[in-house]
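Asks: Chains as they are written, first to last, in the UniProt record's numbering: chain S, 1 to 111; chain F, 1 to 335.
Since the hints were made in silico from the structure, they are not lab data. On a predicted model such as this, the values are computed, not experimentally measured, just so you know. There may be inaccurate statements among the hints.
Said to hold, decoys possible - When the alpha-carbon atoms are kept at most 35 Å apart in a straight line, the in silico DSBU-like pairs for lysine-lysine are as follows:
#, chain 1, residue 1, chain 2, residue 2
1, S, K58, F, K47
2, F, K47, S, K75
3, S, K75, F, K188
What the hints assert, rightly or not - Covered, in the sense of this in silico footprint (three residues per stretch, anywhere, with C-beta under 8 Å from a C-beta of chain F), are these stretches of chain S:
#, stretch
4, 37 to 50
5, 97 to 104
Each residue gets a CB set at the ideal place from its N, CA and C atoms; glycine is no exception.
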Amino acid sequence: MGVNERAVQLLSSEGRHPTPRYAGPSGGRSSFLNVPFPSEREASIALGSLAPDSEPRKGGISKEMCTAGNILNVKWSADEARILRVSVGSFLDHLALVLETMLEFGPPVPL
Amino acid sequence: MTIVIGFEGSANKIGIGIVRDGEVLSNPRRTYITPPGQGFLPSQTAKHHRGVILTVLKEALQEAGLKPADIDCVAYTKGPGMGAPLVTVAIVARTVAQLWDKPLLGVNHCVGHIEMGRLVTHASNPTVLYVSGGNTQVIAYSERRYRIFGETIDIAVGNCLDRFARVIKISNDPSPGYNIEQMAKKGKRYIELPYTVKGMDVSFSGILSYIEEAAEKMLGSGECAAEDLCFSLQETLFAMLVEITERAMAHCGSQEVLIVGGVGCNLRLQEMMGIMCEERGARLFATDERFCIDNGAMIAQAGWEMFRSGQQTELSDSWVTQRYRTDEVEVTWRD
């Protein structure tokens, strides 16, 4: 499979540009992100790359990540929108880096 | 035959190196250079690293003439260093380790410097002076740890030099320390500065404040030249480092000194350390900028030693840490 085709798949139609959704009462803020990958394996690699580091800020925010099939699900809860924005922004930078790395150095070798 | 790839990006350098049984196969690097008068901040440095890391990785593989399948282990810097750049580099290391199905290994940056210095110079059991923009330590090996005999109690020696360079607006290209070194050669007058050795430890922040103030007064009035200040600062800082290194050698009965870290490629520091070594009948080991300054091969080399002694890092334990002392690492690869 060519790099371009894989690029299309990685940012596939359902998840063109992942859009965070905001919800929750006026005090606290939550956000969700669902990122589809070409396969379960790639979703789990992304989880493995993005999950180990905890949020740099102590308190005020929590982030949970898991995979369901080929989808990487991320959920944030934060006290303030400002803190949430910083965390989501930094997560998207990291996610983009994982995707680029997969494009350049993938696909994953068969296990 | 064991081949390890090492990822380093704890400060403003991003480097990826490949080592095969003591042989450096490739070691490309990029430096984030800020305008004169400005230091590098975590988020901008991380952005720089994100922009070039995959190009550097391609270069590392190409120069070594290797395919991912040839690699046995992926090593990366776990810490110490700036959080955002560390995370950036760790994320790529984790991703390729998983894509290629290779074991991962988190390496202590300081231990990386020491192991690279030992590899390049063949020093067997040296007293180590580790001097860089973020660290200043005198280290000796004993009982499976690199033990810290002396260190800075405030800022690192390289940080003192970098910040002075910002005060007098010296270029950060190729590095502020290099440019101070060149200017110091033209210094004619020694301006007396505070000399702050505290037992086995050193303190640099007071010297920085003093010279910042002196620079404003003396340069403004034409009392001395910027070159004189560069010269005086280097002489004072390096004399302090030589003093604590010599004392550590006396404590340990050591006859070898190894200088590592970015400031270690300063030839005046090497010269002053060389004089002390000659007086004691000891040997000095130092490396050039390729291996002194942060690079990927040093992480690969320390990773090689760790991997061969049976260590690996599980993904869930692969978090990075801004604080990670040299003596926290159990040295499983030395007797």
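Asks: If a hint holds in the structure, say so; if it does not, say that too.
Replies: Status of the hints after comparison with the structure:
| no. | hint | result |
| --- | --- | --- |
| 1 | K58(S) with K47(F) | holds (23 Å) |
| 2 | K47(F) with K75(S) | holds (24 Å) |
| 3 | K75(S) with K188(F) | violated (63 Å) |
| 4 | 37 to 50 | holds (count 5) |
| 5 | 97 to 104 | holds (count 6) |
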